[in-house]
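**Q** Note that full-length UniProt numbering gives residue 667 to position 667 of the sequence shown, counting from 1, and the numbers run on in steps of one.
Please note: incorrect hints may appear among the correct ones.
To be verified - Quick list of simulated restraints, FRET-style, between CB atoms:
id, residue 1, residue 2, range
1, VAL202, THR652, 21 to 31 angstroms
2, GLY593, PRO152, 25 to 35 angstroms
3, ARG45, SER594, 43 to 53 angstroms
4, ASP451, ASP504, 17 to 27 angstroms
5, ARG503, LEU89, 23 to 33 angstroms
6, LEU56, ASP558, 36 to 46 angstroms
7, ALA216, GLU501, 54 to 64 angstroms
8, ILE206, LEU53, 38 to 48 angstroms
9, ARG103, ALA475, 50 to 60 angstroms
10, GLY163, ARG96, 47 to 57 angstroms
Calculated from the structure, these hints are not laboratory results. Since we're looking at a predicted model, the values are computed, not measured. Where is the CB? At the ideal position from N, CA and C, for every residue including glycine.
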Amino acid sequence: MYEMGLNLDIVVSALLAIVWTLVAVAVTGLVHATRRPRRLRRRSRSGLALVALGTLVVLAKLGTTAALGSAGWEYMADRVLVVLPPVLLILVAVLRSTVPALRRGARTPRADSGPIPGHVGYLRPAVVLPPSLLAVAGLLAFWASFVAPPVPPYSGELLVVWGVLALWAMVHALLLARRSSAWAAAPPARAWPRRLRTTSAVATAIALFAGVVVVAQSSSVLPGSYSMLDHGEEMAAGAGHHAGGGHGAVAVASARPQRQISVTELTGPRDEPPDVRYTLTASRTRVPLASGEVSEAWTFNGQAPGPLLRATQGELVEVTVVNQDIEAGITVHWHGIDVPNAEDGVPGMTQNAVAPGQSHVYRFRPPDAGTFWYHSHQVSSEQVERGLFGMFIIDPADPADPADPADPADPADPAGTAEPADPGDPGVVDIPVIQHSWPVGDRAVRAFGVDDRLTRTAVAPGTPVRLRLLNTDSAARSFAVTGTPFRVTAIDGTAVNGPSEIRDQLLYLGGGARHLVEFTMPDGPVRITETQRPDAGMLLSPDGTGELEPRIDTPEFDLSSYGEPAPTPFGPDSDFTQSHTYYLDNRLGFFDGSLGLLWTMNGDVFPHIPPITVREGDTVRVRFVNRSHQEHPMHLHGHHALLLSRNGEPVTGSPVWLDTVTVPQGEDWVIGFVADNPGLWMDHCHNLDHAAIGMVMHLTYEGVTTPYMAGEDTPNQPE
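Using the sequences and the hints, build the whole thing.
**A** Structure follows, in structure tokens:
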């Protein structure tokens, strides 16, 4: 509903500009109609009709603003404080001054008796200025709703709006004074000089606009080589402790000296023998889907998805990544695993991309048990889509740990296969459910793994079943589990405290998010479905046959009220070292020389989004307010964040620890985290298409540097 209201508000803003421009043109031309009373009467009546239509559009703008406000003050504040005051004030002036003049013109006698006495009165500023000012205000309203949405504290936007209106009023008043003098002396006999002046003015305006566009385009081009620590000129003045960080930032300064350290020093153990060793070889291949369609894909070890990696919490994991023939180079990021910074796999920040024929070794000890995944972070909007990803399961060091209980009947699987246990086996049936959209020609085909049709699996009644749901797509997906009650026992790899049985609730996962779902197999079938593909999915049944229609019209699972409360290191009312607010918006603009719809944080895109700069031990509160057209799964590398509130309501269920915070349209989520993993970390939207055009910021620890560079002239293209 919020997205519909936002789209409608943009359309109404465009109509506001168009209709009031027509009114302004009609009123400005009235003086030329005074030569012929019939023409004056006709144009005045047309002008009155346009004013009535324009008034209805203003009322519609009030309605769309109120509709946006139903999501909260933050979603209408820019309209109420910046856009609507000039629109409403100028509309009053139109009704008081312009409309009476139009009514007089509409009552002109029918007889053609020569120029109307007092014709110069149709050039009075009180008559002509209000419609033209309202046309400019309409353009500014469209600008604010689609091109550059204002962000708090709105002071700059207010200066621009009122400054533009004041400038236009002065310029237009001077032009009207000149025209009035000319008409008072002798009404122009010919129309062509006026048309020539109008054409010249339009051409000048177009030339000025084109110049602005060229400057904006050229200034958006990223350097061929740049440091990921360079966040634009605005950072030069704020390079001290806790500089930047977004609107509403609050920081506590400190004079503690900081030692300089490079990310190359923040590694996992280098000399110890590994407990678990894997090799991932990236190459181009053709991936056949279950339907017979084929995707021109890139895979690890020729498998789609990539091999299932498995280790035990605290074990030393060594993964050698080999690039066979991916021309752009690759890296591997361990999504959700809080690895040491040098092992994070971000090209241009923690390493150079691995070129064809080269390899790179990652070594780390996973600190937490749970369901995680790995994927390339080089040109990730393309490389993840094409298949460079896989699931990574970390079993708990203590089998009694409820975070992700080890399955003695389903040991680590170094071959990467993850087949369900035999139906007769009393152990847990552990099933990875990896949602992915494979590129096939110019289409994207959704599948569980490579199964883009309904698959059937036999599972004996009474068998414990564990579904590891992973959404690898950029867009959010909803999953339905039909035919049995179930429990959500872990979210983003962290256990839910006191999960209760629920039934017929949709599980909403943003890009990169994971849910662990558990249930006991009933006597009848169970259907697992991604709601946009109700014809596909997975059917479990006692004999591997049967039918069951999925329930996809059910309420959405609310993770903020599920489970039982438990102690946390901080809460909504705690004192944080820093607090930041980020408004997530759309705007039309340029990124790296290309024009498009940008996804912004506080009105900007990388590299103009200041980082959050911390010291180890700082506590950080971050609020995301999503005023845009899509959800944004904000992924913080190297840390887990505690969800503090959703839409102003504190979490009432189990503590929710997330590495991917999916904020739907028209919602605001508040999280908190501890800066306990020194390094340089990406914090970006995991809709990877959004990240590719600048929805990226960084979490930087003071004193940490990097020798790596990014840009077209380097091997590194991070997204």
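**Q** Each hint: holds or not?
**A** How the hints compare with the structure:
The beta-carbon spacing between VAL202 and THR652, approximately 59 angstroms, falls outside the hinted interval of 21 to 31 angstroms. In this structure, GLY593 and PRO152 meet the distance hint of 25 to 35 angstroms, their C-beta atoms being roughly 30 angstroms apart. Checking the proposed 43 to 53 angstroms range against ARG45 and SER594 shows it holds: the Cβ atoms sit about 47 angstroms from each other. At roughly 23 angstroms, the beta carbons of ASP451 and ASP504 sit within the given window of 17 to 27 angstroms.
Separation of ARG503 from LEU89 is about 55 angstroms and departs from the stated range, judged on CB atoms against 23 to 33 angstroms. LEU56 and ASP558 have their C-beta atoms about 39 angstroms apart, which keeps the hinted 36 to 46 angstroms range intact. Between ALA216 and GLU501 the CB atoms are about 55 angstroms apart, so this pair conforms to the stated range of 54 to 64 angstroms. Our hint of 38 to 48 angstroms for ILE206 and LEU53 is violated, since their Cβ atoms are close to 27 angstroms apart.
Hint check: ARG103 to ALA475, Cβ distance near 54 angstroms, so the stated range 50 to 60 angstroms holds. The supplied range of 47 to 57 angstroms is broken by GLY163 and ARG96, whose beta-carbon atoms lie about 24 angstroms from each other.
The structure fails hints 1, 5, 8 and 10 (numbered hints given earlier, in ascending order).
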